[in-house]
Amino acid sequence: NLLYFLEKNSLVLEPWQREIIRIVRVVAQYFYPQRQTQVMNEGCATFVHYTLMNMLFDRGLISEGAMLEILRNHSNVIFQPGFDDPRFSGINPYALGLDMMQDIQRISTEPTAEDRDWFPDIAGNGNWRETLLDAWANHRDESFIRQYLSPALMRKWRFFILADAASEPHYEVASIHNERGYEKIRAGLAQSYDIGASRPDIQVVDVDLLGDRQLRLEHKVKDG
Numbered sequence: 005n006l007l008y009f010l011e012k013n014s015l016v017l018e019p020w021q022r023e024i025i026r027i028v029r030v031v032a033q034y035f036y037p038q039r040q041t042q043v044m045n046e047g048c049a050t051f052v053h054y055t056l057m058n059m060l061f062d063r064g065l066i067s068e069g070a071m072l073e074i075l076r077n078h079s080n081v082i083f084q085p086g087f088d089d090p091r092f093s094g095i096n097p098y099a100l101g102l103d104m105m106q107d108i109q110r111i112s113t114e115p116t117a118e119d120r121d122w123f124p125d126i127a128g129n130g131n132w133r134e135t136l137l138d139a140w141a142n143h144r145d146e147s148f149i150r151q152y153l154s155p156a157l158m159r160k161w162r163f164f165i166l167a168d169a170a171s172e173p174h175y176e177v178a179s180i181h182n183e184r185g186y187e188k189i190r191a192g193l194a195q196s197y198d199i200g201a202s203r204p205d206i207q208v209v210d211v212d213l214l215g216d217r218q219l220r221l222e223h224k225v226k227d228g
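First residue of the sequence shown: 5, per the working numbering; consecutive thereafter.
Because the hints were derived from the structure by calculation, they are not lab data.
Please read all numbers here as calculations on a predicted model, not as lab measurements.
Just to be clear, a hint being listed does not mean it is correct.
[What the hints assert, rightly or not] Here are the computed lysine-lysine pairs in the DSSO-like style, where the Cα-Cα straight-line distance is at most 30 Å:
1. K188 - K224
2. K224 - K12
3. K226 - K188
4. K12 - K188
5. K188 - K160
Model the full assembly from the supplied sequences, consistent with the hints where possible.
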């Protein structure tokens with residue numbers, strides 16, 4: 005935490021300057037975990053909203069007109085352009101999160117033979133609420149995808165891995181949504197949500213506070 009180091013060790017900062025650094029540091033620390041749970045946060049909100057609205061409609065507590073408006077807004081929120089669509093800007097966390105949570109609900113209540121092979125602990129347990137509560141409480145995006153992304157959902161989304169090595173003149177489709185590609189796709193997608201693997205690891209390795217006040221930083225490269 006570079007800001008924390010400067011806040012605690014600088015000999016030249018005025019109290020008000022130190023306080024500003026502290027405020028920026030605390031705010032950044034607050035948002036750091038949230039950046040690791042975007043798919044889960046947005047997916048949970050969308051799943052709960054969609055489920056509750058449908059329950060209310062089924063009980064006659066919401067009119068057809070209101071439900072149509074709800075579904076229109078819901079469809080806009082979860083819209084996911086294809087990879088070759090000019091509007092594509094990445095995976096919509098609302099759409100992926102919702103689909104994964106609905107898939108967990110399906111696996112818990114109406115599993116296929118494939119689901120039982122991939123998810124023996126939750127397939128057919130009949131308690132999708134407890135299964136989802138456990139997932140929400142114990143996972144971030146990276147581990148949630150690594151644990152719960154199913155082959156059925158990979159096929160629905162038509163996921164594939166595109167290799168784009170700088171040393172190669174062409175792109176290569178390295179894995180597709182089939183028996184040989186499921187594990188690689190799930191691991192690759194999970195890795196893309198691992199902040200620790202994508203953000204630079206910069207550490208303070210030396211400082212001369214009483215001399216030239218030089219601060220030496222080292223960028224540690226993961227798997228490099």
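Hint compliance check: list the failing hint numbers for this structure, sorted ascending. 4
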